[in-house]
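Dock chain B against the given chain A, drawing on the hints supplied.
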Amino acid sequence: MKQMHLEDAAAVAKAAAGDQDAFRELVDRHSRSVYRLAFRMTGSAADAEDVVQDTFVRAYRQLAKFEARSNFGTWLYRIGFNCSIDHLRSRPQRESAKTTDVLERIAPPASGPTTEDLVFAGQIGERVQEALNGLSEQERAAFLMRHYQGCSIEEICSALDLRTNAAKHSIFRAVKKMRVALGPFVKMRAAGF
Amino acid sequence: MTMWHPTEDELVEHLSGDPDRQERQRIDGHLVACDECRQTAEEINVALSLVETTVPEPPAGFERVMWARIQQAIEVDAAARQPWYASFGWRQWVPLGSFAALAIVGTAFALRPAPEPAPAVLSAAVPPPVEDADDNLQERVLYTALDDHFQQAEMLLVEVRNARERDSLTFESAAADELISAGRLYRQTAEHTGQQRVVQMLDDLEPVLVEVARSPERMNPGARQWLRTRIDEDALLFKVRVAANDARERVSNPN
Numbered sequence: 599m600k601q602m603h604l605e606d607a608a609a610v611a612k613a614a615a616g617d618q619d620a621f622r623e624l625v626d627r628h629s630r631s632v633y634r635l636a637f638r639m640t641g642s643a644a645d646a647e648d649v650v651q652d653t654f655v656r657a658y659r660q661l662a663k664f665e666a667r668s669n670f671g672t673w674l675y676r677i678g679f680n681c682s683i684d685h686l687r688s689r690p691q692r693e694s695a696k697t698t699d700v701l702e703r704i705a706p707p708a709s710g711p712t713t714e715d716l717v718f719a720g721q722i723g724e725r726v727q728e729a730l731n732g733l734s735e736q737e738r739a740a741f742l743m744r745h746y747q748g749c750s751i752e753e754i755c756s757a758l759d760l761r762t763n764a765a766k767h768s769i770f771r772a773v774k775k776m777r778v779a780l781g782p783f784v785k786m787r788a789a790g791f
Numbered sequence: 085m086t087m088w089h090p091t092e093d094e095l096v097e098h099l100s101g102d103p104d105r106q107e108r109q110r111i112d113g114h115l116v117a118c119d120e121c122r123q124t125a126e127e128i129n130v131a132l133s134l135v136e137t138t139v140p141e142p143p144a145g146f147e148r149v150m151w152a153r154i155q156q157a158i159e160v161d162a163a164a165r166q167p168w169y170a171s172f173g174w175r176q177w178v179p180l181g182s183f184a185a186l187a188i189v190g191t192a193f194a195l196r197p198a199p200e201p202a203p204a205v206l207s208a209a210v211p212p213p214v215e216d217a218d219d220n221l222q223e224r225v226l227y228t229a230l231d232d233h234f235q236q237a238e239m240l241l242v243e244v245r246n247a248r249e250r251d252s253l254t255f256e257s258a259a260a261d262e263l264i265s266a267g268r269l270y271r272q273t274a275e276h277t278g279q280q281r282v283v284q285m286l287d288d289l290e291p292v293l294v295e296v297a298r299s300p301e302r303m304n305p306g307a308r309q310w311l312r313t314r315i316d317e318d319a320l321l322f323k324v325r326v327a328a329n330d331a332r333e334r335v336s337n338p339n
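For the record, the sequence lines run as chains A and B. Per my numbering, the first sequence starts with residue 599, numbered consecutively. Per my numbering, the second sequence starts with residue 85, numbered consecutively.
Chain A with its partners taken away, still in its complex shape (with noise of 0.2 Å):
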């Protein structure tokens, strides 16, 4: 890991002095882990694409301004956060109204799905979205970078400018709220299904 810390500060060095394959050496290593954030964040491939697009200019136009102590992909990790709320934001509202209540609205059905249901993987792709969508963006945000991407609880801090106490609380809460939206799934995959 601290190898490729290494790479990518000296990428980021060629790259802020013009060198352009620099920089593509850095979209290749990182544009993968900022689209499934940034599907995470949006839930679309389409979308994704477009935040990683973003992503990249927004930080090729700021290299200047980044430090090379500091961690690239925690860096660009910000930098795709806050184009993915952009985005989001950028939506129409009649799209971004679906993602208000969603405790509410994702609760699972009454009757309860059956087992084929449960088991059909598209469907859990769908819910864990749709629970993902019912986070708040720091929630979000906080709890992807932690538990998808493995950052540590400092990495996140300086990413999305947090104290170390939000920081905890937010993924605490997401925790909270994903169990709940994924419960069936949750509980049949425990007991082994």
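No lab work stands behind these hints: they were computed from the structure. A hint or two may mislead.
As the list claims (entries may be wrong) - For each label pair, taking beta carbons as the anchor points, the in silico distance ranges come out as: (1) A:A666 / B:M239: 47 to 57 Å; (2) B:M239 / A:E724: 45 to 55 Å; (3) A:Q618 / B:W310: 12 to 22 Å; (4) A:E752 / B:G306: 37 to 47 Å; (5) B:R108 / A:D617: 39 to 49 Å; (6) A:G748 / B:E243: 45 to 55 Å; (7) B:Q309 / A:E724: 29 to 39 Å.
Said to hold, decoys possible - Every beta carbon over 10 Å from chain B, so not counted as near; a handful from chain A, in silico: (8) H603; (9) E605; (10) A611; (11) E647; (12) R667; (13) N669; (14) I683; (15) C755; (16) M776.
All C-beta atoms in this analysis are idealised placements derived from N, C-alpha and C, irrespective of residue type, glycine included.
Below, chain B without anything else, positioned relative to chain A:
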């Protein structure tokens, strides 16, 4: 004595590997003894693993396609932050020079002293007033330049459309770059003189030219396919031919 149980938040931290060693051992010890907490920890673990496993992987070649998009966007972004003339190299000035020279000659022609009044018998052949002549001349200058511009664009599109994978596109890329610069200037003039069809045609053409200009020497199959689709689906070749014919027609029959 009441048994101690970790809170859900403590379990989340524990599963993330955050607590110190002593705390980790304490919770591990408790989970061995407490079915209820072990069940809760398992459910948290499953919820987290569900999130990890359900993001679709981007397709093979994702990085290459993203780089093509990012590189193009960076250049557009950089160009938007510079004065328009700052991105011009000497190659771009060559075709524009001929257009500018034509424009100067045209303007001088329009501003020349009015001719002596013609005899009444020749009134049908009298040229239009100077203002009309000025507008007509500006249009003729524009359409003369556009005729050449659209013909070059047509040749470029045909070459790109038919290029094989092993073909180098270095020449086409440089040509596209020049056409973009010239096209933007023609677009300004067309907009100024109210030639909306020309403006639209130049707008349709530019994204494809930008893609060719920014492409590497050997374009990857995905980018090549995108270009072909764009050229075919938008009937771009046909439109460019019509635009070139239209421009030629306007030059030879201005009225």
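Hints versus structure:
{"no.": "1", "hint": "A:A666 / B:M239: 47 to 57 Å", "verdict": "48 Å, holds"}
{"no.": "2", "hint": "B:M239 / A:E724: 45 to 55 Å", "verdict": "49 Å, holds"}
{"no.": "3", "hint": "A:Q618 / B:W310: 12 to 22 Å", "verdict": "21 Å, holds"}
{"no.": "4", "hint": "A:E752 / B:G306: 37 to 47 Å", "verdict": "39 Å, holds"}
{"no.": "5", "hint": "B:R108 / A:D617: 39 to 49 Å", "verdict": "45 Å, holds"}
{"no.": "6", "hint": "A:G748 / B:E243: 45 to 55 Å", "verdict": "48 Å, holds"}
{"no.": "7", "hint": "B:Q309 / A:E724: 29 to 39 Å", "verdict": "30 Å, holds"}
{"no.": "8", "hint": "H603", "verdict": "20 Å, holds"}
{"no.": "9", "hint": "E605", "verdict": "16 Å, holds"}
{"no.": "10", "hint": "A611", "verdict": "18 Å, holds"}
{"no.": "11", "hint": "E647", "verdict": "7 Å, violated"}
{"no.": "12", "hint": "R667", "verdict": "23 Å, holds"}
{"no.": "13", "hint": "N669", "verdict": "18 Å, holds"}
{"no.": "14", "hint": "I683", "verdict": "19 Å, holds"}
{"no.": "15", "hint": "C755", "verdict": "13 Å, holds"}
{"no.": "16", "hint": "M776", "verdict": "5 Å, violated"}
Hints 11 and 16, counting from the list given before, are not met by this structure.
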